[in-house]
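S.K.: Listed here are the chains, written in short residue letters.
Number of protein chains: 4
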Amino acid sequence: MSHEIKGINEECGVFGVWDHKDASQMTYYGLHSLQHRGQEGAGIVSLENNRLHGHRGLGLLHEVFANPDLLANLKGHSAIGHVRYGTSGEGDIINIQPFLFRFYDGDVALAHNGNLINAKTLRKELEEDGAIFHSNSDTEILMHLIRRSNKETFIDKLSEALNTVKGGFAYLLLADNAMYAALDPNAFRPLSIGRMNSGAYVVTSETCALDTIGATFVRDVEPGEIIEISDNGLKSYRYTDETMYSICSMEYIYFARPDSNIKGINVHSARKRMGKTLAKEHPVEADMVIGVPNSSLSAASGYAEASSIPYEMGLVKNQYVARTFIQPTQELREEGVRLKLSAVRGVVEGKRVILVDDSIVRGTTSKRIVRLLKEAGAKEVHVRISSPPLAYPCFYGIDIQTKEELIAANYSTEKIREIIEADSLEFLTEEGLINSIGLKLDAPYNGLCMAYFNGDYPTPLYDYEYRENKED
Amino acid sequence: MSHEIKGINEECGVFGVWDHKDASQMTYYGLHSLQHRGQEGAGIVSLENNRLHGHRGLGLLHEVFANPDLLANLKGHSAIGHVRYGTSGEGDIINIQPFLFRFYDGDVALAHNGNLINAKTLRKELEEDGAIFHSNSDTEILMHLIRRSNKETFIDKLSEALNTVKGGFAYLLLADNAMYAALDPNAFRPLSIGRMNSGAYVVTSETCALDTIGATFVRDVEPGEIIEISDNGLKSYRYTDETMYSICSMEYIYFARPDSNIKGINVHSARKRMGKTLAKEHPVEADMVIGVPNSSLSAASGYAEASSIPYEMGLVKNQYVARTFIQPTQELREEGVRLKLSAVRGVVEGKRVILVDDSIVRGTTSKRIVRLLKEAGAKEVHVRISSPPLAYPCFYGIDIQTKEELIAANYSTEKIREIIEADSLEFLTEEGLINSIGLKLDAPYNGLCMAYFNGDYPTPLYDYEYRENKED
Amino acid sequence: MSHEIKGINEECGVFGVWDHKDASQMTYYGLHSLQHRGQEGAGIVSLENNRLHGHRGLGLLHEVFANPDLLANLKGHSAIGHVRYGTSGEGDIINIQPFLFRFYDGDVALAHNGNLINAKTLRKELEEDGAIFHSNSDTEILMHLIRRSNKETFIDKLSEALNTVKGGFAYLLLADNAMYAALDPNAFRPLSIGRMNSGAYVVTSETCALDTIGATFVRDVEPGEIIEISDNGLKSYRYTDETMYSICSMEYIYFARPDSNIKGINVHSARKRMGKTLAKEHPVEADMVIGVPNSSLSAASGYAEASSIPYEMGLVKNQYVARTFIQPTQELREEGVRLKLSAVRGVVEGKRVILVDDSIVRGTTSKRIVRLLKEAGAKEVHVRISSPPLAYPCFYGIDIQTKEELIAANYSTEKIREIIEADSLEFLTEEGLINSIGLKLDAPYNGLCMAYFNGDYPTPLYDYEYRENKED
Amino acid sequence: MSHEIKGINEECGVFGVWDHKDASQMTYYGLHSLQHRGQEGAGIVSLENNRLHGHRGLGLLHEVFANPDLLANLKGHSAIGHVRYGTSGEGDIINIQPFLFRFYDGDVALAHNGNLINAKTLRKELEEDGAIFHSNSDTEILMHLIRRSNKETFIDKLSEALNTVKGGFAYLLLADNAMYAALDPNAFRPLSIGRMNSGAYVVTSETCALDTIGATFVRDVEPGEIIEISDNGLKSYRYTDETMYSICSMEYIYFARPDSNIKGINVHSARKRMGKTLAKEHPVEADMVIGVPNSSLSAASGYAEASSIPYEMGLVKNQYVARTFIQPTQELREEGVRLKLSAVRGVVEGKRVILVDDSIVRGTTSKRIVRLLKEAGAKEVHVRISSPPLAYPCFYGIDIQTKEELIAANYSTEKIREIIEADSLEFLTEEGLINSIGLKLDAPYNGLCMAYFNGDYPTPLYDYEYRENKED
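Chains as they are written, first to last, in full-length UniProt numbering: chain A, 1 to 472; chain B, 1 to 472; chain C, 1 to 472; chain D, 1 to 472.
Hints listed in this document are in silico derivations from the structure and should not be mistaken for laboratory results. The reader is advised that the hints may include incorrect statements.
No more than 35 Å apart at the CA atoms, straight line, and that leaves these computed lysine-lysine pairs for DSBU-like [stated by the list, open to error]:
hint, chain 1, residue 1, chain 2, residue 2
1, C, Lys21, D, Lys379
2, B, Lys235, A, Lys374
3, A, Lys120, A, Lys263
4, B, Lys280, A, Lys280
5, A, Lys21, D, Lys124
6, A, Lys151, A, Lys21
7, D, Lys157, A, Lys124
8, B, Lys317, A, Lys440
9, B, Lys151, B, Lys263
10, D, Lys440, D, Lys280
11, D, Lys403, A, Lys75
12, D, Lys379, D, Lys351
13, A, Lys403, A, Lys374
14, B, Lys317, A, Lys351
15, B, Lys235, A, Lys340
16, C, Lys120, B, Lys124
17, A, Lys21, B, Lys379
18, C, Lys151, B, Lys151
19, B, Lys124, C, Lys157
20, B, Lys280, B, Lys403
21, C, Lys317, C, Lys351
22, A, Lys124, D, Lys235
23, B, Lys21, A, Lys379
24, C, Lys124, B, Lys151
25, C, Lys374, D, Lys280
26, A, Lys75, B, Lys340
27, B, Lys440, B, Lys403
28, D, Lys21, C, Lys367
29, A, Lys367, B, Lys263
30, A, Lys340, B, Lys440
31, A, Lys379, A, Lys415
32, D, Lys280, D, Lys367
33, A, Lys317, B, Lys379
34, A, Lys317, B, Lys374
35, B, Lys317, A, Lys280
36, B, Lys403, B, Lys374
37, C, Lys440, C, Lys263
38, A, Lys317, B, Lys367
From a predicted model like this one, the values you see are computed outputs, not experimental measurements.
With these hints in hand, go ahead and build the complete structure from the sequences.
M.R.: If you want it as C-alpha cells, here you go:
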C-alpha cells in the first residue's frame, strides 16, 4: 500500500555522482527516483573546485528546490544528495541531510541511510569529551569519530569510525578530492554503483535511480566495504572482514520501488512470486483478486495468475492527496467521507473478494479497507498477506521500534482476522517468503534479515539490548 | 495514461450539495474526487442565509484552500464547486469558477462543464447590445442570457437561456433559494444525482464523488432536463424535448475515474472489456502484457486475462511529479534522464511485450514509451490501443480541436506503427468499442458519441461549421 | 500621522505613461511614489500593439509584483496603473484596478480615484436593464455607460458617461490607440500631467511621482476636462462647462506627500504654514514642540519656528511594522506593550510638551498618544491640531462616511480635550487653514472643499441626500 | 540616514526575559524594537520546564514569524531572542541565532552581539582538537570553550570562556535554570537590564525595547560582568577586573534608536547637541537646514536651532521600499528614476541649503544626495557631518573592516568636497563629538571608543594585528 497510509517507513535514500558536468541536476533526478524512501526533507551538496555548496529543506524534493536558482547555484562536477524520512516531532531543517561541515582544512559533506544501535552510548561519550552536536540525527556521530581519530589518512580515520558505529548504515561522503560510499557489515540497507556513458560514477540507494538518469548498473557495494571514487577512478577498501549478508526483507516486500533490483533480484518479480506462493499456500474460492494500491498490486496479480481468478481494480487510490489537504473531521468520517482510498462499488458489489496486502502493522488500515469493501457490497473479503506476521521491532533503519504497536506481536491470526472483520486471513510463510524472493547467499535465511518475523537479530543490539524487557 | 502526459484533457468537473451542515467541506471532498477532471484551478461558493460566499484560485484544490480558514469561511448549508482544466495562456484567476454574481436583487453562482459551439456568435451579439464580459470563459454567456430574458420566473429565464446556447454542457447554479442542475440535449457530459443519509441532495460530474462522501446514487440527470433542488425537495423540468443521447465515449475510454459509473456502467469494467475484446480482435504471441499507467491498466489486465499471457508491471510511473518540478534540459534527456515513466529492466529485458494504451493522440508519447521499453531490453513491443483511431476534433468539451494535431487523422495505421517504432500496432474497432462499453440506449451507436473516430457529429457545429475546410 | 494609525484614508492613486519603451516599469516606479494613497492592492495594464496585458493583486506594489517576471511580461510602450485603498471586508482581487475589459472590438483598461455619489442609483438602473457587474467597485459603472452609449466616437461616448456620473473622480483609461484622463467638474481629486525627456507623457495623482521618474511638471488636469494622449500628441476636450474648483483640503492637510505640489502649492510648505498660523492663533508656554510622525512633522516644525520653542523628537515611529506583524493581546497592551509609536522618555520626561497633530477623527489615537507622553513623564501635554474640527462626512473619495465616528461632530472642543486627557486643546481656524494653504482661485473658500469642517458640500449629494437624517 | 542606504551596519541585537507568562511574545515585541540593529534574520528560544524550544529564520522578524503558530509554539516562562545583521554571502539559516544546543545533560541557547578579534585563531585550535563547528559565526566558539572547560560550575566554565575570547561582545545565554548576560571588558556594545511590573527581568541591547514592552530601566550591564537571572533573582559575577569603558561612539551617532539611552544619555538629545556644536564649529549662510532622513534629522534640527536658520523637509524618504522591490536598471536611473529618497523641488528650488548627515563612508551616497538637491534646483549645498571623518576600520562589531572603502581614510576634506560636488563640507571635531555626547566616565575619551576616527584601538587586535600592513 502507499507509504503514507501504512505506519512503517524506511529511513532515507542517498544518491551521489562524481565527475558529471551537471552533477547537482543528476543528483536531483536521482533523488527524485528515491523520493518514496523519504518525504520529510531533501538536500544536495555539490563540489566546485575545493569548495562545497549545499541546499536542503523540509518537504518533497520539488518543494525544497521550488526556486530553480537554488539548484542552479549548486555548481560543480560532483554532488551527493539525500531524501529523509524523519521520526515525528523533530521536523527541523537542522536534521536534513547531507550535513555540510566546513573545517579550517577543508569541507566535507555526509549523508546517511540507516540506524545506529549504539548511537546513544557513543553520543554521550563524545559529549562528555566536549563534542557539540547540532542535530538530533545519529549521522553526525560518524563525523565526530573521524575528526577525533588519530589515524593519518582519511581512509584510515573513516575505517576506524566505521568500526565504532554499529547497526544498519549506508554512508555517502563528499570531500574536496573524492566521494566515499560505505556499507554496514550486514548489508542491511541497499547501495549500488552505476556508471554513465560519460564515464561518471554514480552511487544510489536503489537501482531505479540508475534507470531514471540513463546510467548502467555496475555492482552492489559489499558489506564492510568502502568505495572511494576520485579522479583516479574507483578504489575498494575493506574496513572489516567480519561480514555476513542480512539484507532487509522489507525492502523486497514493501519499501523498494518495483523497478529496482536488489542483489540482482527485481522487486516487482519477487512480489509477484510472493503472490503466487501465497495462492498456493492459502487458496480460497472467490470471484476476484484485488490488491491494495500501489505496493500490493504486484503480489495481487501474482495471486490472480496462480489461482486463475480474475484480477480486478476494486480499490482506487486518489493520486491528489497532498500534505496541505484538509482532513475530514471525525464526524464527517463517520458520515462516510473517504479520501485516499475508494472501493469500487461497480466492481465488488455482490462479489467474493480476495484482498492481497503486503503486510499488517497495527491492523487499523486492514480493518478500514475490509469495511470499505463490505460497505461497497462485497459479499466476502478474504485477506491474504504476502509476508509473514510482523512481530518484532526493527533497529536497523525501519521505523517499527516497539512491539506494542505490532498487532501480530500481540494476537493470533484468528484473533486478528476477527479484529479486521475479514472472512478469512492468511499470511505467507517464512519459507514461502525466502523462496519467493529467491536470494541464494551463503548466510542464514539465504542472506535475508527476517528479524521482524522471528526475532532472530543478526547482531547484538547494544543500546536496545534490554528494551524487550523494559518500558521504553 | 496519466492526464499530464497525454495531450487531451477534459474540461472541468462540477459538484454541489444542498442542505448539509458542512456544505462547503462536503463540496471540497467531492471536488477532490473530481480533481482528475481539472487541475488548473478550483473554487467553491456557499450559501449562508441569502448571501453567497466564494473562494477560488489557481492550482490544485488543496493549493487553492491551503489556508484552512478559506474553507471554514465558506459558511452555510449549501454549496457548489468546480475544478477547471484550462486551455493554455489564459491562466488568470478571473476564469476560475464558480462565477459569483451579486445583483441588487440577489446573488447567483454558476459553474459549467462543457463547451459551447455558438459561444463566439452569442458573445458578439451580446457585446453589441452593451453587455460586458469579464472572463474569457463561455460560461458567463448563460448568465447574460438569463438576466436579459423577459420571462417572469427564474426557471423560465433559465429555460430560455438553455435553449439559446448550443453544444455540450452540464451547468450547476446556486441562487439564494435553490440549486439548479441542467444538462445539454445530448447528455454529452456526465451529471449524476445522489443523496446522503442526512437527506442532503448532491449533484456531481462523476459518481466516484458520491462514494467519497458516503452518498447513495439516485439517478443521472437526463438530456434536456433542469433539476431544481430546494427546501421543497427535488423538482424536474424539461427545457426541451428535442433530445438524443450521445454520451462522450472518451469518458469511458480515458477521462472518468475507473470507480465511476456512467449511465449505469462501471468504467473499470468497461475498460477491462475493451482490453478483452482487443485481445480477441488483435491477438499476438508474446511473453507479457503491460499497461501504460494509470489509465490503461484495466484494459491491459483485460487483454492479459483474455489471452492468458501474464500481466506484468513493465512501466512504473513516478507519483511525485509536481508542477514545480525542474524539468531536465534537452541535453540531459538525450543522456537518458527519464522522470515520469520508467521501464522496468528487470521485468522486460529479453521479452516480447504487448503494450496496451487507451489512445494515441500525437504519437509522440507512444514513440517515447516504445523506445523506453526497447532501451530497457524488450525484444519486441506490440502496441494495442483500446479505442479506435482518433481522427476528428471534439467540440463538446474535450480539448482536441484541430485535425492537424491528431496523428490518426493524417497517417495510416502502418505508417503510425513505423513512426512510433513498434513491432506491430492495432486499434480496437468501433464496433468492438461500442460492444465493450455495453450501453443499450435507443440512439445511434447505442447512445455514444463516436465523432472523434468517425466525424459523425450529433449536432450542427455553428461557430465551427466551416472549420474543417479552413485554416484555423 | 501615519495612514495606518489614523482612521481616515484616501481612496487610491492613478498613474499612466504614453510612449515610453519601459512603460510598465515607469508605471511601477510612479505607483511606488503613490503607495501612501492605497496599500490594499495594486495593478498595471500595458498596451502592446493592439493588445492590453494586465496584472493586479492584493497587497503593496512590491508584493503584487514580487515575481519580477510579472512586470517584465507587461510589455508595450504605454501603461496605466492603480494603487487601491479599499473599504473593509471586500478584500477581493476582483476589485483591484485597473479593470481590463476585452471586447470583440478591442481592449480597454480603466482606473479610478474618487467616489461617485449616484453610484447606487446608476447601478440598479443598469442591472435592471441587463447589465452584469463583476466587482463591488463604482468604477465599472463608467464602462457600462460608455458601452451603452449611442454616440459615435469614443470621446463622445466618454463625455456622455462622465456627465452621467456624479461626485469626485479622476479617471485614467487606456485603449488601443490612446490614453485618456478625466477629472470631475470640481477637481476634488488631484491629477497632473508631466513629460519626460524622451517626450513621453505622464499622468499622475500626485506630482511627487514626476520627481521619482525624472519627469517635468506640465500642468494640472482641469475640472470638466478630458485629456487624450496618443501618437498625435496631447488633445484637450471639455465634457462640461459647469465647473467650479473645490480641491480637497485634506490632501494638503494629511493625504498628499509633502514633496507633492497641488495646484502649484507645495504640501510641506503649506503644512509648515499651518503650523506657524496655529502657533499665532493658539500660543502656549512650553518646553518643546513635538509632531506626530510622519504627517505632522512639517506643521510641528512650523509651530516651533513661529513660537521659538525647541522642536524635539518626542515620539518615534517604528518603521518595521508590517501587515503580518503579530499584534499584542489586550492583556499585553494593558501591561504596556506599544508597537508602532514610542514616546521618548529621555526627551519628554519632566517637560511641558506641545503636541502637534494634523487632525482628530475618533479621538482614540490622540488619547493614546497623550497617555504615552504622560507615561513617559511629560508634565503637560498641549494638543494643537493643524486643521479645523472634522465634523462632517466626505462623499467625494475620503473614507469618512458617517458623522457618528467623528468626535468633533458630537462633542465640544473642551469635551474632546477632556476625553483625550490633554492639558489644553486647540484647532486651527477655517480662515487660518485657507490662508495657510494660500490658494487664490476664484471660487468659494479660494477653491478649497471645506465640507468636512462646515458641511458646505459643493454639489448635490444624490444617493446620500437623506443620509444625514436617517440611520445608514 | 537609513541603514539600507549607508554602507555601515551594526551586528545584531539581543533580548531576553525571565519569568513572564508570555515570554516568547514579550521577546518578539522586544526584538521588534531592535529590528534596526539587524534585518537579515531573527530567532527566539523559549524555556518550558527543562526543555528549550526554538524558531529562527531569514528576513525580518515578522517574516520569520509570519505564521503565528510558530510563535505560539514557543511556550514557557523565559526566552531569549536575536536579530541578525549578516555580512554578505553567508545568508544561510544555519547562522541565525540564538543557537540552540541539546546536550545529554541539558539544553543551552546562545545569542551574541559583537565581534571577536581572536576568533580565527581560537577556531583553528579547537578544530585541531576535534571540535566541529556548524555555522560560520564566531558565536559558537563560546559554547565549545564552555563545554571543554574543566571547571566545576557553569559560572566558572563561562568565566573561563569569557576570558579566552577577545573583542566586543554582549552575550545572552538561556539554560534550563537561568538566563545569563555577559559584556566584554570594554563595554563596546550596549546591554541594559530592565524589570516589568510583574517582576520579570529583561535584558536588552537597547533601552527602547524596555519602553516598547512597558518595562522600567534598572541599570546597564557593566564591563567584565556576568549577570545570572534565575528564580532566585538577579546575581552579579565578575569574570575579570581588567576593564575600561570604551563605548562605541557610532551607537550615539548612527546605530541606536533616538529613543534609547546609552549609559544614561538619550541618543536623540546627543544627536541634537552634535548638530548644535556643528553649527557653532562650522557656520555658513543659507536659507534652510535639511537632514538626511531618518538618522540625521535630530542633528539637523539642532543645527537649525543653534543657527536660527529654518529647518525644512527638503528630502523625503519613501517608506515602502522593501526587499523584493524591483530595482530600476542603470538606464532608468540615468533617465532620473529615484526610489528611496526624493528631493522636494517645491522646498529647495532656488535656495541655499545646509545638508546635515551623520557620517560619510564611501562618499557615493553623499554625492548622490547633493546631486538630487541640485537637480531639484538648490542653488548651493553645504554639507555638514555630525561626526569626525571615518578613517579607520572597526573590529568590535561594526561592519567597516577595511580602510580601502573609507573615503576619509584616503582623501582630504577638500578633495571629498570636490568628489561629492558640495559647495562646502565640514565635519564635527573629535572634541566636539565627545562634548556633545556628554559622557563623563573616567577613561580615555570620557569612556568612548573613538578608534574609527583616530585609530586609537583600546585593545590589542589579535587576528587583525597585521592587517593594516597587508592585503586582506
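S.K.: If a hint holds in the structure, say so; if it doesn't, say that too.
M.R.: We went through each hint and held it up to the structure:
The suggested pairing of C:Lys21 with D:Lys379 holds, with an alpha-carbon distance near 33 Å, which does not exceed 35 Å. As the CA atoms of B:Lys235 and A:Lys374 are separated by approximately 33 Å, the hinted pair is consistent with the 35 Å bound. For the hint linking A:Lys120 to A:Lys263, the alpha-carbon distance of about 31 Å falls within 35 Å, and the restraint holds. About 30 Å separates the Cα atoms of B:Lys280 and A:Lys280, which keeps this hinted pair within 35 Å; it holds.
Note on A:Lys21 and D:Lys124: the hinted pairing holds, with a Cα-Cα distance of about 33 Å set against a maximum of 35 Å. Pair hint A:Lys151 plus A:Lys21 holds up; C-alpha atoms about 34 Å apart against a cutoff of 35 Å. For a cut-off of 35 Å, the pair hint linking D:Lys157 to A:Lys124 stands: about 19 Å separates their Cα positions. Proximity of B:Lys317 to A:Lys440 is assessed by CA-CA distance (about 30 Å); at most 35 Å being required, the pair is judged to hold.
Between B:Lys151 and B:Lys263 the CA atoms are separated by roughly 33 Å; this keeps the pair inside 35 Å, and the hint holds. For the suggested pair D:Lys440 and D:Lys280, the alpha carbons sit about 22 Å apart, so the restraint of at most 35 Å is met. For the proposed pair D:Lys403 and A:Lys75, the alpha carbon gap of about 33 Å is at most 35 Å, so the pair holds. This hinted pair checks out: D:Lys379 and D:Lys351 have alpha carbons roughly 5 Å apart, not beyond 35 Å.
At roughly 30 Å between alpha-carbon atoms, A:Lys403 and A:Lys374 fall within 35 Å of each other, so this suggested pair holds. A hinted pair counts as satisfied when its Cα atoms are at most 35 Å apart, and B:Lys317 with A:Lys351 qualifies at roughly 30 Å. With a C-alpha separation of about 34 Å, the suggested pairing of B:Lys235 with A:Lys340 holds against the 35 Å cut-off. A C-alpha spacing of about 28 Å is found between C:Lys120 and B:Lys124, which places the hinted pair at or below 35 Å, so the restraint holds.
For the proposed pair A:Lys21 and B:Lys379, the alpha carbon gap of about 33 Å is at most 35 Å, so the pair holds. Simply put, C:Lys151 and B:Lys151 have alpha-carbon atoms about 30 Å apart, close enough for the 35 Å limit, and the pair holds. The hinted pair formed by B:Lys124 and C:Lys157 meets the criterion: a straight-line CA distance of about 20 Å does not exceed 35 Å. In summary, the hint linking B:Lys280 to B:Lys403 is supported, as the alpha carbons are separated by about 30 Å, within the 35 Å threshold.
For the hint linking C:Lys317 to C:Lys351, the alpha-carbon distance of about 20 Å falls within 35 Å, and the restraint holds. Under the criterion of a C-alpha separation no larger than 35 Å, the hint pairing A:Lys124 with D:Lys235 is consistent with the structure, at around 32 Å. For the suggested pair B:Lys21 and A:Lys379, the alpha carbons sit about 33 Å apart, so the restraint of at most 35 Å is met. As the CA atoms of C:Lys124 and B:Lys151 are separated by approximately 19 Å, the hinted pair is consistent with the 35 Å bound.
For a cut-off of 35 Å, the pair hint linking C:Lys374 to D:Lys280 stands: about 34 Å separates their Cα positions. Our distance criterion of 35 Å between C-alpha atoms is met by A:Lys75 and B:Lys340, whose separation comes to about 25 Å. Restraint check for B:Lys440 and B:Lys403: the C-alpha separation of about 30 Å stays at or below 35 Å, so the hint holds. A distance of roughly 29 Å separates the Cα atoms of D:Lys21 and C:Lys367; the hinted pair therefore holds under the 35 Å criterion.
The suggested pairing of A:Lys367 with B:Lys263 holds, with an alpha-carbon distance near 32 Å, which does not exceed 35 Å. With a CA separation close to 34 Å, the supplied pair A:Lys340 and B:Lys440 stays within the 35 Å bound. A C-alpha spacing of about 21 Å is found between A:Lys379 and A:Lys415, which places the hinted pair at or below 35 Å, so the restraint holds. Our distance criterion of 35 Å between C-alpha atoms is met by D:Lys280 and D:Lys367, whose separation comes to about 24 Å.
With a CA separation close to 33 Å, the supplied pair A:Lys317 and B:Lys379 stays within the 35 Å bound. With a CA separation close to 30 Å, the supplied pair A:Lys317 and B:Lys374 stays within the 35 Å bound. A threshold of 35 Å between alpha carbons decides the hint, and for B:Lys317 with A:Lys280 the separation of about 30 Å falls inside it, so the pair holds. The hinted pair formed by B:Lys403 and B:Lys374 meets the criterion: a straight-line CA distance of about 30 Å does not exceed 35 Å.
With a C-alpha separation of about 10 Å, the suggested pair C:Lys440 and C:Lys263 falls inside the 35 Å cut-off, and the hint holds. For the proposed pair A:Lys317 and B:Lys367, the alpha carbon gap of about 28 Å is at most 35 Å, so the pair holds.
Every hint, counting from the list given before, is met by this structure.
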